[in-house]
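Just so you know, we're using our numbering here: the sequence shown kicks off at 1012 and counts up by one.
These are calculated hints, taken from the structure and not from any lab test. As the structure is a computational prediction, the values presented were derived from the model and not from experiment. C-beta atoms are modelled at their ideal positions from N, C-alpha and C, and glycine is treated no differently. Possibly wrong hints are sitting among the right ones.
What the hints assert, rightly or not - Label-pair ranges, simulated between beta-carbon atoms: (1) 1786 / 1300: 23 to 33 Å; (2) 1320 / 1450: 31 to 41 Å; (3) 1263 / 1591: 54 to 64 Å; (4) 1086 / 1591: 26 to 36 Å.
Said to hold, decoys possible - Derived lysine to aspartate or glutamate pairs resembling DMTMM-like cross-links, with alpha carbons at most 25 Å apart: (5) 1138 / 1175; (6) 1241 / 1180; (7) 1764 / 1558; (8) 1490 / 1476; (9) 1847 / 1860; (10) 1490 / 1565; (11) 1233 / 1175; (12) 1764 / 1741; (13) 1413 / 1437; (14) 1761 / 1501; (15) 1795 / 1832; (16) 1754 / 1832; (17) 1812 / 1437.
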Amino acid sequence: MLPNLLPFLSVGTVLTGIFAIGLTTILAWCTCWLTFRIAKHWKADRDKAISPSVLLAITTGIAMLFAIPAIRRLPSTLAEMRPHSTRHPLCFLGMVKHLGVGVPLPTGSDAVQGRLHGLGLNEAVTKHLEQLGELRLANAKASSTDFNNHPDVLIIVVESLQLDILSQEVMPNLFDFAGRGLHLQNHFSGGNGTNLGFFSLITGKEATWFPRSEQVPVLMNKLFRQAGYKTALFSGIDDFPKFDMDTYINPNEYDIYQAEPCDWLASDQLAVDRTIEFFDRNDATDPEQPRLAVLHTYSTHSPFDNQPEDEHFLPASSQYYVTPYTQNGRTPVWNRYRNAVRSADRLISSVLSEDRVTVVVGDHGEALLEDGTIGHGTRLDSIQNQTPAILFAPGFEPNEVKLPTSHIDILPTVLSACGLTLNSPELLDGVDLLNAPHESLATRSFASCHFMGPELMLVGPWTNESAHPFAYRCAFSIKQWQAAALNPIDRLGLDLQASKLSTATDNLKMQERFGRWMEKRFGLNPMQDRRNQNELFRNYLNHSSSDIRLQAVEIASNVASPDRELIELVSLAATDHDAQVREAAQAAWVTLQRRAVHNDETPNDAKPASPKPPIADRYASPRKVEMRSKSSRSTEEIQANGRDVPRFIAHAGGAIDGHTYTNSLEALNHNYRQGFRTFELDIVETIDHHFVAAHDWASWKNLTNYSGSLPPTLAQFRQHKILDRYTPMDMDAINHWFAGHPKAILVTDKIDKPTSFANQFIDSRRLVMELFSIEAVEEATDAKIAVTVSEPLLNQVKTNKVNWLLDRNIDQVDLSRLSLDQHMPLIHSLNEAGVKVFVYHVNYTDGEDEAFVVCHDFDFVYGMYADQWGFGESQVHFECCPATNSVD
């Protein structure tokens, strides 16, 4: 949340925050020093010392004295605490029940079901985006010079405008103008941030589409250009890219684009002057061509700028007022805000005309403690999401609309006022307010979104009814894929469930109304999908879109209690042909395996709690006793296994100075000296299609402090040392090292292009490739490249796995230590067939390091991927558990 808030903080607020942190640090140090002095003076073993209990009683008594005023007026104290709960420790500790916004936005494991529901919208979203691309005017003229007397259009967007600020006292000019046009008295922005408000205004789409703004056409500009309009934007600020608005507000979308660096009223005045000049048609272009302009003024944004002659409301604070402020300090800030709005009203009045279609709206609302917050973008409620709206069209009668309306209605209404119709008007989320039947306005619902995250409030007929919730708060995203109804809220965005004003019926209605809204917008309600969780995962992990498969993998990684079916589904995804999906699935598979092991070992209500047994006893489980009873080894045999070099593969080149996954030259040199002769390297491709050694690009970026886009070029890869000291390995470096170490063998990981890599490696006879798809195995087998099969790929083989391996002359497989239990029968069959089993994910479990694997797992597996094994006499004389010498 903090990065999103930073752009709204004034210099004074930042300095105050720094001062507060510094002062707190000084006070904390003084408190520690004083405590030390008191403790030194009042030691319990000194004569006449004050006992700790007496000192505690005195301290508590002094503290309670300060609480007497609050206790004496307890009802009003509690009433004040509840809506401002973050300020009171008793609310924080749960001792006083308080009002908040409601259910926390689901994340992690709590969001799994909602995100699976959200994924159910993916095909509808894709189809809708395609249809938007085909949206056209039904009555557009073939010639762009046939203008058919279309009126000019002016859209005025005023920054941070409260719904109730439009009054005769504060905005006399606009108030008068509203009386001559369509005054929308219960109007909602697309959201509580400028980016959301602007998006819904110029696209006619709810801001739920904002995360896909690069795919949504700027429909206002597109459609009016089809009608032959010349378009322009004039703004008193130029920071649109900062808020991801440059996908729909940029020079390419307008014939004239002039956005000024913020200079408050001065830059706003310049934008107004340019708007007047644009409509005066003083340029050399066709004077008959109709024109559309968007005018954006910014001076009503905090800290609120006004002309001296507009200081009508006093006392007013200066521009250096400090936030946050209290209710006692609110009045001067409130007056400054009203003075700034008054200046904006006078400034805008010069462009108001009854000769053109004119719209005046705020981009969003503004809170000055009405809802307990300051600013905008921090809460879904009437204060931050609602804003004034006026629409004037020549020839239309004045009217007041008291039903809820939205920014999404502006575009279809302006098109109608200009005599323009669409080939598919239903693709716009809004309605034509000039011609819409009262019944359709009274029964519809729409969304207003949250700047801070994937959250919306659902507005509808209930919003105007005092006995019902103001809105329903929902988690929703078509980017992160989420759909979940959360809780009903009141006008201030507070949870009605917590205030006991909500009923079970309200919750049922919330689910029903949220579902109806999705049906209206997308043609289906994914929450009605009755398939169980694993069936949904199976569907999305096998989806034709790699983006959906990747999202499904990410969602699966958050499942708190994965079962074996889900783990197998993710393991199959680890063989995906898309590299990004494959790498994500491999990481998710490890996470789920570890979580499943942890859950199996953690007592819960379903099984009696018992202390965790010793490691030796845990590994004397029936499945391991069965295996080891056939090959019980003496300590000498175990230590001989520890010196058997072919059983050990240096994982990612092996560890160097305690660092793993470096895949570096120094790691290869160090571990060769330690005795390793088989080395695994993770192989990935640069953006210019060169093989290099790195586990994955995200972790490589962290290890090298690389700041560019991924994947890097080969040149960029070579320039960045790992951890600022280790040498990266490209294909030339790999070949040079293995040429100088003729006894070394390379095992590859990650790469699934066997012939392409083998053709570039110096000696394919010393190459073993771990592969992840059946197609890659067949390709390697045909090229006579040695293969080791990964566990995810082995799980994909539905026929007899041992016969499948033997038919392809594969004599090695790699299994995770985290899933050995489920594979014991297979391991027994592999051992009998002479197929070597190597284990990875070593050192993942507390107390079960590489020595532990040699002591126990080497009874039934052949070898392991090791980070730092040593082959010297001293290293292999380790003590094994007694259970390795005999089996009861």
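The hints, checked one at a time:
{"no.": "1", "hint": "1786 / 1300: 23 to 33 Å", "in the structure": "violated (59 Å)"}
{"no.": "2", "hint": "1320 / 1450: 31 to 41 Å", "in the structure": "violated (48 Å)"}
{"no.": "3", "hint": "1263 / 1591: 54 to 64 Å", "in the structure": "violated (30 Å)"}
{"no.": "4", "hint": "1086 / 1591: 26 to 36 Å", "in the structure": "violated (58 Å)"}
{"no.": "5", "hint": "1138 / 1175", "in the structure": "violated (40 Å)"}
{"no.": "6", "hint": "1241 / 1180", "in the structure": "violated (36 Å)"}
{"no.": "7", "hint": "1764 / 1558", "in the structure": "holds (22 Å)"}
{"no.": "8", "hint": "1490 / 1476", "in the structure": "violated (33 Å)"}
{"no.": "9", "hint": "1847 / 1860", "in the structure": "holds (21 Å)"}
{"no.": "10", "hint": "1490 / 1565", "in the structure": "holds (13 Å)"}
{"no.": "11", "hint": "1233 / 1175", "in the structure": "violated (33 Å)"}
{"no.": "12", "hint": "1764 / 1741", "in the structure": "holds (16 Å)"}
{"no.": "13", "hint": "1413 / 1437", "in the structure": "holds (23 Å)"}
{"no.": "14", "hint": "1761 / 1501", "in the structure": "violated (53 Å)"}
{"no.": "15", "hint": "1795 / 1832", "in the structure": "violated (33 Å)"}
{"no.": "16", "hint": "1754 / 1832", "in the structure": "violated (35 Å)"}
{"no.": "17", "hint": "1812 / 1437", "in the structure": "violated (55 Å)"}
In the structure shown, a violation is registered for the earlier hints numbered 1, 2, 3, 4, 5, 6, 8, 11, 14, 15, 16, 17, in ascending order.
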